[in-house]
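Participant: Chain A is fixed; fit chain B onto it per the hints.
Residue numbers (the working numbering), protein chains in the order written: chain A, 1 to 325; chain B, 1 to 116.
Keep in mind that the hints were calculated from the coordinates and are not lab data.
Think of the CB as a built atom: it goes at the ideal place given N, C-alpha and C, for glycine as much as any other residue.
Hints may contain errors.
[Claimed, not checked] Calculated lysine to aspartate or glutamate pairs in the DMTMM-like style (CA-CA distance at most 25 Å, straight line):
| hint | chain 1 | residue 1 | chain 2 | residue 2 |
| --- | --- | --- | --- | --- |
| 1 | A | K75 | B | E48 |
| 2 | A | K75 | B | E85 |
| 3 | A | K280 | A | D190 |
[Claimed, not checked] Calculated Cβ distances over 10 Å to all of chain B for the following chain A residues:
| hint | residue |
| --- | --- |
| 4 | K75 |
| 5 | D82 |
| 6 | I94 |
| 7 | W98 |
| 8 | V106 |
| 9 | C141 |
| 10 | V176 |
| 11 | L207 |
| 12 | D212 |
| 13 | H215 |
| 14 | R217 |
| 15 | N228 |
| 16 | A233 |
| 17 | T236 |
| 18 | V248 |
| 19 | L252 |
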Amino acid sequence: MAADDLIVGYVAEVARLLPRRQRADIAVELRGLLREELDGRVAANPGVNPEVAAHELLHGFGTPAEVAARYRETKTVIEPADRRSFIIASVVGIAVIWALGIVALVRRPAGSADDFFLSLQRFWFGPGLQALWWPGFLVVCYAAASWMRRRWPRAAMTSRIAERSHINRPLYALGVVAAAIGIAILVKPDVVLKPFPGAAAPAYAALAYDNDFWHSRALVVFAVQLLNLALLATVTVRGRWNSTTRRVEIGLSLATGVVLAWAIVAGPIFSAAPTDRLVKAILTVLVAVSLVDAGVKLHRQRLRTLAQTGTAEPDAPGTGIADAS
Amino acid sequence: MAELEAYERLEQELRRGVVVLATLSQLQTLRYGYELRQSLAAQGMHIEEGTLYPLLRRLESQGVLTSEWRTSEGPPRRYYVLSAEGRRLYRRLTGTWQELNDAMNQLLKGGDNNGR
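Same shape as in the complex, but just chain A:
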């Protein structure tokens, strides 16, 4: 391939990866520069094969993708500082979704080898592949967080670990009211149909709990939600978080995740199958969020303890700096 063809082909590849408005301009400039570089090398080394020299020149210049990237300002979707937490959150999230899928699979024992492979197929095309929405969702969240940090750098400097002691009371009070309303709707879901006096019987049937769920798991689910509400109310009244309420929060996040997971796998929640499927899908997300939330808060609590006492153990003797509680 002639040296000039090499350069033209290379420049075309670089240009293809550039924004449309820059392509023609950079392509003309880059072609001219590479030709002059090649002429310079050939003039400095008489007898060198121009094609070989062109190969060496382009190899040293970089791959077309690398070169195109250098012509643009560096922008990251997920910042290097977030890389580790993104990977952990992705892996844990997928693991939780797959675990729930496997539990559902095991609960329906296969009667034959055919049934087993059918179940495997159902798992793979169900929770297996569909779990990949989770890292995609995380990419959007991390990209949004990265954009917000760039847009409001001052707010980004505020330590998330230190800031949470004091709360916005009106906002928390609103949260308590919203949570109370939410629990009321949980206990009696068909209350949402009250504003619609013309709602037909099937609508009420769609929101009816399964009898078995109502007489067993419902009590535990509602109890955990009431405990969450009580914690929120306590913090609202006190006006701040302290180490005790933070520990209770972590415990409740874990408990919420475990209880909801149990409610999902132990049987139907709603009598109507479509409602049951939809609610279980939503609850699966909530389970993942609760468990991740508990993990993150536990990690932050340990960091807070480390910063205060110089040790990761919350009750170990420290430097004498008083805890906010």
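Facilitator: This is chain B only, laid out in the frame that chain A set:
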């Protein structure tokens, strides 16, 4: 081998830190990419073509340089020069460089004394 790799990596970091200032220093007058690279190399500042040419475009997009096409001397070439903002930036960066240079000379002298 590991030491050589570490040296090459850190030396590249060191050079990367001065590439912009070196480039700006040679753009008080209109120059095109190849000519600029040859001029820098002749004065001991070797910058890879794959680094310099995209850098010129990025500096232009940041408003530090302005450019124009010229075809009077053969094939079309894009000539770059410091913009008004670029000249102010260059003066500030030069001042910063002098301070850093003085500080480094002090540190290295002190480092040499400690090493004896």
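Participant: Is it the case that A:N228 keeps its Cβ farther than 10 Å from each residue Cβ in chain B?
Facilitator: holds, 50 Å
Participant: Would you say A:V248 is clear of chain B, with no C-beta pair closer than or equal to 10 Å?
Facilitator: Given that every Cβ of chain B is farther than 10 Å from that of A:V248, nearest at about 48 Å, it holds.
Participant: Assess, step by step, whether the Cα of A:K280 is no farther than 25 Å from the Cα of A:D190, and give holds or violated.
Facilitator: Distance ~18 Å between A:K280 and A:D190 Cα, so the pair holds.
Participant: Confirm or reject the statement that A:R217 sits farther than 10 Å, beta carbon to beta carbon, from all of chain B.
Facilitator: Per Cβ check, A:R217 is outside 10 Å of chain B; nearest 58 Å; holds.
Participant: Would you check whether the claim that A:V106 is not at the interface survives, using Cβ distances to chain B and the 10 Å cut-off?
Facilitator: holds, 49 Å
Participant: Would A:L252 pass as off the interface with chain B, using Cβ distances and a cut of 10 Å?
Facilitator: Non-interface label on A:L252 holds, nearest chain B Cβ at 48 Å vs cutoff 10 Å.
Participant: Mind verifying the non-interface call on A:C141? Its CB should be farther than 10 Å from each CB in chain B.
Facilitator: The claim holds: A:C141 sits with its nearest Cβ about 30 Å from chain B, beyond 10 Å.
Participant: Since A:T236 was said not to touch the interface, does its Cβ keep a gap of more than 10 Å from each Cβ of chain B?
Facilitator: holds, 49 Å
Participant: Take a quick look at A:H215 and tell me if its Cβ sits farther than 10 Å from every Cβ on chain B, holds or violated.
Facilitator: The claim holds: A:H215 sits with its nearest Cβ about 67 Å from chain B, beyond 10 Å.
Participant: Can we trust that A:I94 is non-interface, i.e. its beta-carbon lies farther than 10 Å from all of chain B?
Facilitator: With a cut-off of 10 Å, A:I94 remains clear of chain B, as the shortest Cβ separation is near 35 Å.
Participant: Does the claim that A:V176 lies off the interface hold, with its Cβ farther than 10 Å from every Cβ of chain B?
Facilitator: holds, 50 Å
Participant: A:L207 clear of chain B by more than 10 Å, beta carbon to beta carbon?
Facilitator: holds, 57 Å
Checked against the numbered hints listed earlier, the structure breaks none of them; every hint is satisfied.
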